[in-house]
Each structure stands twice: as structure tokens, then as C-alpha cells.
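Under our numbering, think of the first position of the sequence shown as 37, with each following residue one higher.
In case anyone wonders, no lab produced these hints; they're calculated from the structure.
Watch out, some of these pointers could steer you wrong.
Below, computed lysine to aspartate or glutamate pairings styled on EDC-like, alpha-carbon distance capped at 16 Å [stated by the list, open to error]: (1) K153 <-> D79; (2) K243 <-> E345; (3) K242 <-> E345.
Label pairs and their calculated CB-CB ranges [said to hold, decoys possible]: (4) A163 <-> E313: 43 to 51 Å; (5) K243 <-> I107: 42 to 50 Å; (6) A163 <-> S72: 18 to 26 Å; (7) E246 <-> S55: 22 to 30 Å.
In this text, all values refer to a predicted model and were calculated from it rather than measured experimentally.
Where is the CB? At the ideal position from N, CA and C, for every residue including glycine.
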Amino acid sequence: MTRKWRRHHMIHEILQEPSAVESTLLNLDEKLHSESIDLKGFDICYLTGSGSSYHACIAGQYAISSFVGAISSSIPASEFASWIPPHAGRRALTIAVSQSGESIDVLNAAKAAIENKFTVLAISNTAGSALSRIAHHTLLTSAGREKAVTATKTYVCQLAALYLLALEMKAQREGVTASLRRLRHQLLISRKILERTLEISDEASKKLAERFSGNNLFFVLGSGPNYATALEGTLKLKEAAHVVAEGFASREFLHGPMQLIGEGTPIVTVMTPDEHELLSGLISSLVRFGAPVVWIGENLTLSMRKDVEPIELSSGFHKAFTPMAYVLPLQLFAYYSSVARGLNPDKPDKLSKVVK
Numbered sequence: 037m038t039r040k041w042r043r044h045h046m047i048h049e050i051l052q053e054p055s056a057v058e059s060t061l062l063n064l065d066e067k068l069h070s071e072s073i074d075l076k077g078f079d080i081c082y083l084t085g086s087g088s089s090y091h092a093c094i095a096g097q098y099a100i101s102s103f104v105g106a107i108s109s110s111i112p113a114s115e116f117a118s119w120i121p122p123h124a125g126r127r128a129l130t131i132a133v134s135q136s137g138e139s140i141d142v143l144n145a146a147k148a149a150i151e152n153k154f155t156v157l158a159i160s161n162t163a164g165s166a167l168s169r170i171a172h173h174t175l176l177t178s179a180g181r182e183k184a185v186t187a188t189k190t191y192v193c194q195l196a197a198l199y200l201l202a203l204e205m206k207a208q209r210e211g212v213t214a215s216l217r218r219l220r221h222q223l224l225i226s227r228k229i230l231e232r233t234l235e236i237s238d239e240a241s242k243k244l245a246e247r248f249s250g251n252n253l254f255f256v257l258g259s260g261p262n263y264a265t266a267l268e269g270t271l272k273l274k275e276a277a278h279v280v281a282e283g284f285a286s287r288e289f290l291h292g293p294m295q296l297i298g299e300g301t302p303i304v305t306v307m308t309p310d311e312h313e314l315l316s317g318l319i320s321s322l323v324r325f326g327a328p329v330v331w332i333g334e335n336l337t338l339s340m341r342k343d344v345e346p347i348e349l350s351s352g353f354h355k356a357f358t359p360m361a362y363v364l365p366l367q368l369f370a371y372y373s374s375v376a377r378g379l380n381p382d383k384p385d386k387l388s389k390v391v392k
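Whole structure, please, built from the sequences with the hints as guidance.
Next up, the structure:
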């Protein structure tokens, strides 16, 4: 990587993600085993955050639904108090996610949860934060200081924390089974998977960013847990590259937004192997309308390969864990898109690291 591509905090923090995730998982695995946090006695689980943290909540909700089968709901922190109904006689867990622990919207959401007598579990990257002081329990990620306003390593560490929490919920409700051990092992060795993902996708992401440096409209489509990836990928493009970028659940794009694509409108599809058959028709439609389609996923079929620009990964992750790997090419793409346009991805001029 030339000096041109290494002068910003954002790229250094993307490259730190594998080790940051490993540290987060090892530290939190020890904490969850050494401390008694009751995760089995809840009727409903709310997840709340803002920006990237909210997107992590969506991915976390998918993991909790997949592994635990508990009723769960993700709500933007600024809307939390407006959307939660009274739960007299019901036990609710609220997972409040904030990298700084100081976001006023997340703090207000946590306070609203406490007023409703919900248990609040905070996930933050900052020890001693305002959020950790009011929460009943706190899980600290180990991302280290993140200097770029555009969150990258704190996001994937939030995902790792939520996945480990979902597995702990499963263990408390069902006991430790062979399948649970396999899931935990897969998660705990994710450093190697993320390192391989960065290696595979770096050069391809850079070339695509240079190719599309004149485009100002992007769409990213994802399904299941990678709906969160689509939202997070477009947020990085907005923040770092200052372009109009919108994320959609894959087939929701057919219900109106499809009208906006034109000849040359780049569309990124994020797809797990089990979604190929369901979404192959969508990709054919996009190609028919002249849109260049970038495909991020695994096990690309020969029939689809002719229609897309592939960034083919090999994570081997359980579907619920795939957002942790699949977001990396999008982070790289956003970074390189910013630099290709002569921008500073670390400091979007209208944004700040903590929203108060």
C-alpha cells in the first residue's frame, strides 16, 4: 500500500480490526464467565443505538433471534422513548450501544428504559462513560482509541460483543451444547477470518473506488443480517466520500427505489450463499437496466459471475456472523472513494465523534 493510501487514521483503524475483535472477544468471554449477568429471565429484548451503533443493533437482533429465539426489537436511540410501550409485569432487557458512552440520544434511551424498570446492559468502548454509570451492566469493547470520525473498528467490535452476548443468552437458556461450542469457537478464531477478508478485498475495493470516483449516487443492498451491512456501508460512503448512498433490504429495492437507477449507477449487493437463488433475478434486472453490480459474498455461482464485479470472500462464518466480515470491503471502498476524491475521510466537516 503506497504512502498516499496510508496517511489517514481511517485506514489504519480498518487494518486494526482483526486484532481489536480478538481482544474484545477474549476479554468479554472472560467477563461473561466470571460475572453473573442474568440473561435468561427476559420476555423481550430491546436494542438501541445511533448511527453505526444502531446498525450493529440490527445485526445483533438477527443473532439473538437466530440463536435464542427471543422476541427482540431494534429501535433508534432518538426514537426509543416514543416507541416502547409500558410493560407492566413483563421483564425487558435493553441493550444500549454507544462507542463513546456519551451520546445524548443513547443516554436518554437508557434513562427511559430504567424509568420503565427495564434492565439496561451497555456496550461501549469507553470505560467510566456516562452510559456505563447508569447501566446495570456494561460490556467494554477493546477497540482502542478511534481517532477517525468515521467509525470502523468500534463497529466491528460492537458486532463481536453482540454475537458473544447472543451465544451467552443461548447457553443460559439451553445449556452448553456441541453446536454452541462450535459457534463460540468460530467466533473466537474470527481474527484469522477478518485478516483474510481484508487481504482478499483491499485491492479490489481500491480499484472500484477509482473506477466510480465520478459517481455521486450509490445503492447497497443486503438481506437478513446484512441489511445492517447495507445500511452501515452507505453510512460510510456518506461520511467519508460525501456522496448520496442508500441502503435497502435487497428485495425492497424492487418496491420503488429501482426507478432511480440509470445507466452506470453503481449497486453493491451483499449476499450470503443461501440467498443466491432468491436474489439472482434481482441482479439480472439491475444489469438489464445498465447498472454495474458489485457483488460481495461467498461461493459465487457461474451463472451469476458473468453479470457482476465480484469481491469473493471465504469467511465460512455462520450466517448471523457474516456482517462482521462482509462490512470490511465496504469500509475499504468508502475509504478509497474518499481519497480518490481528494477528501479527508477522518474529518467530515459537518460531523463530530460524539453527538450531544
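These are the hints, each one checked on the structure:
1. For the suggested pair K153 and D79, the alpha carbons sit about 13 Å apart, so the restraint of at most 16 Å is met.
2. Simply put, K243 and E345 have alpha-carbon atoms about 11 Å apart, close enough for the 16 Å limit, and the pair holds.
3. A hinted pair counts as satisfied when its Cα atoms are at most 16 Å apart, and K242 with E345 qualifies at roughly 13 Å.
4. Between A163 and E313 the beta carbons are some 47 Å apart, a value that agrees with the proposed interval 43 to 51 Å.
5. The hint said 42 to 50 Å for the Cβ distance between K243 and I107, and at roughly 44 Å that hint holds.
6. At roughly 21 Å, the beta-carbon separation of A163 and S72 lies within the given 18 to 26 Å, and the hint holds.
7. Between E246 and S55 the beta carbons are some 28 Å apart, a value that agrees with the proposed interval 22 to 30 Å.
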